[in-house]
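Participant: The hints should help you fit chain B onto chain A, whose structure is shown.
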Amino acid sequence: MSASARNYSRIVADSGSMRDLGAAFGRLAPDGSVILLEGALGAGKTTFAQGVGLGCGVVGPIASPTFNLILEYGGRRHFTHVDLYRLTTASDLDTLDIDTVLSGDGVTCVEWPTLITGRVDSPAATLKFEVDPRKPDVREVDMSFRGEGWSALIDWLAGQT
Amino acid sequence: MLTLGIETSCDDTSMAVLRDENELLSNVVSSQIEHSEYGGIVPELASRAHVQNIVPVFRWALGEAGVEPEELDLIGVTNTPGLIGSLMVGGAFAQALALALELPIVPVHHIEAHIVACLLEYPDLELPAVALVVSGGHSSLIYVGEWRKYEVMGTTRDDAAGEAFDKVAKLLGLGFPGGPEIERLALEGNPAAIPFPRPMLATADFDFSFSGLKTAVVRWVEQTGPEGVQEQLTDVCASFQAAVVEVLVEKTARAAAEKNVNTVLLAGGVACNNALREALRDQIADRARVLWPQPINCTDNGAMIARTAVLRADEAVGFGEFDVAASQALT
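Going down the list, the protein sequences come from chains A and B. Under my numbering, think of the first position of the first sequence as 1, with each following residue one higher. Under my numbering, think of the first position of the second sequence as 162, with each following residue one higher.
Errors might be hidden in some of the hints.
Unchecked claim - Listed next, the in silico DSS-like pairs over lysine-lysine satisfying Cα-Cα at most 30 Å (straight line): (1) 331/B with 128/A; (2) 331/B with 135/A; (3) 420/B with 331/B.
Claimed, not checked - Counterexamples of contact, computed for chain B against chain A with all Cβ distances above 10 Å: (4) 180; (5) 184; (6) 192; (7) 217; (8) 224; (9) 311; (10) 317; (11) 344; (12) 348; (13) 353; (14) 420; (15) 423; (16) 451; (17) 487.
Claimed, not checked - Per the computed footprint, the stretches of chain A lying under chain B, defined by three or more beta-carbons under 8 Å from a beta-carbon of chain B, are: (18) 27-38; (19) 42-56; (20) 63-70.
Just so you know, the hints here were simulated from the structure itself, not pulled from any lab data. In this text the structure is predicted, and so the values were computed from the model without any measurement. Using N, Cα and C, we set each Cβ at its ideal position, and we do this for glycine too.
Next comes chain A alone, as it looks inside the complex (with noise of 0.2 Å):
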């Protein structure tokens, strides 16, 4: 794991342009990275993940994995779409054989992933996703980075500024 933690933020005024800052992600996140999204229901977690899906390259609907926990889907690059929504303990982990999971290869999001933070040694990333009550639409993004490979996605996220 990297010392060195890089934070970035960002305010993203609609779900469109949510879902193409996921697939920023999806193009351009280091293989076997894996992105923790954290907030609250509606906040737009499942928004963003849609877009890492679609720069993976992944055709046909992304959709919610709260009830099913873990799906996976094809594309240029391997998608995994996690959700620990409905897991109570840490234990309901090893059901899932979650390490396994979190070391797979293309691009891995984890919604709710308190149960996990402390688990993860792959490149990763971690979004916060803020609602603000008096507009909406928007949200603002807060993104840390840790280990290697993520320059393009940063040279990407500097250039849009």
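Facilitator: Chain B only, in chain A's frame:
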């Protein structure tokens, strides 16, 4: 002919014994076992729970049917879609049984089985039909031209209908599963009290989206505050349910009209919702016969797997030829 149906694709372990096509001898779900003589443990989740439950459920299903393992003729088992570890437990059990008793196995698609569940109670149902399959993990409109031939007309683009019910229930501090709680409170509420959005109601396709509706409830709860939410609890439940039901019914009616069918099937766990059943029947009754299974055959169950296995008995495979898949499209 005696068929054992095994279902382990998600949280519940379930098995059923079916004689011939429609005579159900038993249909057992692990969540019923908790306080029974078998003392099965029912933790929240997945494969470990299936490992603990599968033998007691098997014994109970056969015991209730009054059938010995040697009398079985066919095994049906869910092989897709679902949680891979959970599917593997059912699949491995089915294979062990197949090896020991020299039985053929029919791999069963979980969504097809939800639709076929309607056949258990309505063996004379007329095809073609349009089926609305709504549950915690699925929301799809499917055209059934004939049995074993399906066309997925539309599906959810984000949250499933049952998932929206569960998440809104949790947000409102209600129990799990959320559907029955919301339905109960909605009976006392005004469905027009809060104008929640009807996502994708106007689009020409047959897809659904419930994420935006869920977010609208989140915003309403934030703006209203805890006291106001408690005061208006029945109204928010009724208004939310009305939004989900309106979208499901409208799109199903349109799909039925487009395909010009005389039968509409309602299946999956959310098919237990009476508001949905009544609204669907009200809107479609003059055009098509609307059918749904009784509640135990709507939620995940072994009976629907057994019935589907009978339908596809000619596709049976032997030991070692069976495989599971996390997600495979229904065709």
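Participant: Now tell me if each hint is right for this structure.
Facilitator: Results for each hint:
1. 331/B with 128/A: holds (21 Å)
2. 331/B with 135/A: holds (24 Å)
3. 420/B with 331/B: violated (37 Å)
4. 180: Consistent with the label, residue 180/B stays out of reach of chain A, its closest Cβ about 32 Å off (over 10 Å).
5. 184: Consistent with the label, residue 184/B stays out of reach of chain A, its closest Cβ about 32 Å off (over 10 Å).
6. 192: Check passes; 15 Å lies beyond 10 Å.
7. 217: holds (18 Å)
8. 224: Given that every Cβ of chain A is farther than 10 Å from that of residue 224/B, nearest at about 28 Å, it holds.
9. 311: Residue 311/B is indeed farther than 10 Å from all Cβ atoms of chain A, at 16 Å.
10. 317: It is violated; residue 317/B is separated from chain A by about 5 Å at its closest Cβ, not greater than 10 Å.
11. 344: holds (19 Å)
12. 348: holds (25 Å)
13. 353: Residue 353/B is indeed farther than 10 Å from all Cβ atoms of chain A, at 22 Å.
14. 420: Since the minimum Cβ distance to chain A is about 21 Å, residue 420/B lies beyond 10 Å and the statement holds.
15. 423: Fine: 29 Å to the nearest Cβ keeps residue 423/B off the interface.
16. 451: Answer for residue 451/B: holds, closest chain A Cβ roughly 25 Å.
17. 487: The assertion about residue 487/B is violated, with a minimum of 6 Å to chain A.
18. 27-38: n = 0 at 8 Å, threshold three: violated.
19. 42-56: With 4 residues close enough to chain B, the hint holds.
20. 63-70: holds (count 7)
Hint compliance for this structure: hints 3, 10, 17, 18 are broken, all remaining hints hold.
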